[in-house]
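Colleague: Listed below, chain by chain, are the residues.
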Amino acid sequence: MIHRLATIRSSHEGFERLAQLWSDAASLYSGRLELDLSECDFFDANMAAPLGAVLALVADKFNRIEIVRVRPAIESVLRRNGFLTNYGYKPEEDVGRTTLPFARFQLDDERLFADYLKRQLEGKGFPKLTEGVGKVSQQSIFEVFQNSVTHSDSRLGIFVCGQFYPLEQRLIFTIADAGVGIRSKVRAYLKSEMSSGDAICWALKGGNTTRTGSRPGGVGLKFLHDFVERNGGKMQIVSGDGFYEYGKGCGTLAHAELPGATVNLQVNTADTQSYRLDSTITAENIF
Amino acid sequence: MPETASQEIIVRAFDIIGSPLGVSSDDGQKVHDKIAPLLREGRKVSLSFDRIETIISAFLNAAIGQLYGELPEEKIRELFNVRDMAQEDLALLKRVVDNAKLYFANRKEFDQAWKEETGSENEK
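So the protein lines, in turn, are chains A and B.
1 is the number of the first residue of the first sequence in our numbering; add one for each residue after it.
1001 is the number of the first residue of the second sequence in our numbering; add one for each residue after it.
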């Protein structure tokens, strides 16, 4: 089959198009998917992560995937971040050193991901990782990754990709999985019907977690939410037909469902405020 | 010199996980498994975060949060403390501890309250 993928930005429309791709290709078995990018005149580099997750699911059904008719500017972006090299294209050197390359990790690759992140964030003009916005950004990304490890059941792994915009002082980092999705976990836990949008909002509320064992949960996504609020950043969470964007709340994708879950995090790296939130907290009065 | 039961034992997280990054539940579990038996024996424990650069909630939930499901809060307060922790990380730990107390005390009430809030009562 041939699927024409149009412009993909980190937006509701961009996710809608990736969901449509999955909707069209989900039934393909032992066949061939030709992904035609001739109508794609812009592709946000970080969105290679959810595209990678969708294509991994397609490939998992013994399908051959070819990405064709890629416009030169987009080909350059997607070769620099390593995405297209998975589909037979030659790599291109990231001269400006602004990409956080496309990578795929298994659920038990936490140490490998930690190495990746440290290597990619250091020495690119990103704030120091040991204090302020640099420290909290890194923490937030790890929170999202660990969330996927814990909740996604993604047999095909976790897909990451990012882009640093030094002039605009922004970092966009995306973590996508090809797992069961947020709604499925929340429904199973609450034993009640719920839309994907409501399930995302439930998960974002402090204290809410689908964990049932001895380890508590329900802090990570709230931490992320509060960081985005303070930092002036952006956050999108997409799973099934649920689409959440910080500041806009929970909505839906109109035409199709995106498998697994994707989190887009945009950090304002010019943020110089302190994240020592409450100086009255001491080691003595926590417990 | 032989140690006494009242002597505080310093447990160094870095030495247990072998990394400056406390970013996984599994590593948090390793720390928990070192400190929980000591606390059960009534030993005083100080968990040091010296050389730990980054911590996330999942690590702290496993290392410390789950103690609240195993030991009375008063006993944790009496026997356990942390040291060498950045102020930002203390704020995160405070969230984790407050959440853990609620998690173990009010699980059912939490979930019922949400169902009532959203009106999603239909049992599958």
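Any given hint could be a false lead.
Unchecked claim - Below, simulated BS3-like cross-link-like pairs (lysine-lysine); rule was C-alpha separation at most 27 Å, straight line:
1. B:1094 x A:128
2. A:234 x B:1094
3. B:1075 x B:1044
4. B:1030 x A:118
5. A:222 x B:1101
As the list claims (entries may be wrong) - DEER-style ranges, computed between Cβ atoms:
6. B:1033 x A:87: 41 to 47 Å
7. A:4 x B:1101: 31 to 37 Å
8. A:13 x B:1033: 45 to 51 Å
No wet-lab data here; the hints were simulated from the structure.
No residue lacks a Cβ here, since even glycine has one placed at the ideal position from N, Cα and C.
Colleague: Could you run down the list of hints and mark each one as holding or not?
Modeller: Hints, verified against the model:
no. : hint                      : result
1   : B:1094 x A:128            : holds, 24 Å
2   : A:234 x B:1094            : holds, 25 Å
3   : B:1075 x B:1044           : holds, 10 Å
4   : B:1030 x A:118            : holds, 23 Å
5   : A:222 x B:1101            : holds, 17 Å
6   : B:1033 x A:87: 41 to 47 Å : holds, 44 Å
7   : A:4 x B:1101: 31 to 37 Å  : violated, 54 Å
8   : A:13 x B:1033: 45 to 51 Å : holds, 48 Å
In this structure, the one hint that does not hold is number 7.
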